[in-house]
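> The residues making up each chain are set out below.
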Amino acid sequence: MTMTILYFARLKDEIGCSEEKLEMPEDITSLKDLVVWLRTQSDGHAQALAPGSMLKMAVNQEHAQWETPVGPQDEIAFFPPVTGG
Amino acid sequence: MIRVQQDPFDIGAEISALTAGRTDLGAMVSFTGLVRDFTGDDTVSKLTLEHYPGMTEKELARIEAEATTRFDLNASLIIHRVGTLAPGDEIVLVVACSAHRDAAFDGARFMMDFLKTQAPFWKKEAGAGDEEGGGKWVDARDSDDDAAKGWS
Numbered sequence: 140m141t142m143t144i145l146y147f148a149r150l151k152d153e154i155g156c157s158e159e160k161l162e163m164p165e166d167i168t169s170l171k172d173l174v175v176w177l178r179t180q181s182d183g184h185a186q187a188l189a190p191g192s193m194l195k196m197a198v199n200q201e202h203a204q205w206e207t208p209v210g211p212q213d214e215i216a217f218f219p220p221v222t223g224g
Numbered sequence: 505m506i507r508v509q510q511d512p513f514d515i516g517a518e519i520s521a522l523t524a525g526r527t528d529l530g531a532m533v534s535f536t537g538l539v540r541d542f543t544g545d546d547t548v549s550k551l552t553l554e555h556y557p558g559m560t561e562k563e564l565a566r567i568e569a570e571a572t573t574r575f576d577l578n579a580s581l582i583i584h585r586v587g588t589l590a591p592g593d594e595i596v597l598v599v600a601c602s603a604h605r606d607a608a609f610d611g612a613r614f615m616m617d618f619l620k621t622q623a624p625f626w627k628k629e630a631g632a633g634d635e636e637g638g639g640k641w642v643d644a645r646d647s648d649d650d651a652a653k654g655w656s
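Line by line, the protein sequences give chains X and H.
First residue of the first sequence? That's 140 in my numbering, and the numbers climb one at a time after it.
First residue of the second sequence? That's 505 in my numbering, and the numbers climb one at a time after it.
Hints listed in this document are in silico derivations from the structure and should not be mistaken for laboratory results.
All values reported here derive from a predicted model rather than from experimental measurement.
Virtual Cβ for every residue (Gly too), placed ideally from N, Cα, C.
Some clues are possibly wrong.
As the list claims (entries may be wrong) - One-sided and incomplete, this derived list gives chain X residues near chain H with beta-carbon spacing under 7 angstroms:
no.	residue
1	Phe147
2	Ala148
3	Arg149
4	Ala197
5	Gln200
6	Pro220
7	Val221
8	Thr222
9	Gly223
10	Gly224
Please model the complete structure; the sequences and the hints are all you need to start from.
So this is what it looks like as structure tokens:
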């Protein structure tokens, strides 16, 4: 299954790209599964998505939680806590 | 109405356009955020704002709609700039209009508090010594989270 994943701000710098399409195992069904798998993809991923890092997530442009389900058609985004205004 | 743009905005012109022809607005409160030239002990000479196109607009519209319902606003506006800004530049404008002042004050504050914690913008600050594209991502502040939680 192929998924499109977006990264912003510090995460984009650490992972080294703002968007990637990844072929991933079929048993990934939630954001938590996805993060655990992504951490194994490179040192940059491991650093950016490390346990304990202040990580925010969105699925289809809506704020999401660890338990939020994900599938092949979804637009997934990872980013640090927001700092606008 | 919400807008995300690189260009500067004219506060007077925006408020005039929002309130033109309206005679039902008893109160109008506006908030403008400016770029500071310091953060802690560091000097800031350039601020770059990144955002998540698509989600940003959705979040701002959601925040505005919630404020409108909650405070019975009858006109409102959120404009947020992105791209490269300099100290002194205006970065965000929030306007809340209602029949009475309490709702307008509360509506403007509510929209800012939720914009700060929910809208996907990220600031990067650079000083005079930083290279092009360099600088430091700004950390989120707990006090902003507390402000938003105060409304629930």
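> Hint validation: Thr222 of chain X versus chain H, beta carbon distance must be below 7 angstroms. Holds or violated?
5 angstroms, holds
> At a threshold of 7 angstroms, is the proposed contact between Phe147 of chain X and chain H supported by beta-carbon distances?
At 6 angstroms from the nearest chain H Cβ, Phe147 of chain X passes the 7 angstroms test, so the hint holds.
> At a threshold of 7 angstroms, is the proposed contact between Gly224 of chain X and chain H supported by beta-carbon distances?
The hint holds - Gly224 of chain X has a Cβ within 7 angstroms of chain H, the shortest such distance being about 4 angstroms.
> Under 7 angstroms is the threshold here; is the Cβ of Pro220 of chain X close enough to any Cβ of chain H for the hint to stand?
Holds - the Cβ of Pro220 of chain X comes within 7 angstroms of chain H, reaching about 3 angstroms at its closest.
> Taking the least C-beta to C-beta distance, is Arg149 of chain X closer than 7 angstroms to chain H?
5 angstroms, holds
> Holds or violated: is the Cβ of Gln200 of chain X closer than 7 angstroms to a Cβ in chain H?
4 angstroms, holds
> Close enough to count: is the Cβ of Gly223 of chain X nearer than 7 angstroms to one in chain H?
With a closest approach of 3 angstroms, the Gly223 of chain X hint holds.
> How about Ala197 of chain X: closest beta carbon in chain H under 7 angstroms, or not?
6 angstroms, holds
> Could you check if Val221 of chain X really has its C-beta closer than 7 angstroms to a C-beta on chain H?
It holds, given that the least Cβ distance between Val221 of chain X and chain H is near 5 angstroms, below 7 angstroms.
> With 7 angstroms as the cut and Cβ atoms as the points, is Ala148 of chain X at the interface with chain H?
Result: holds, 4 angstroms to nearest chain H Cβ.
Hint violations for this structure: none, all hints satisfied.
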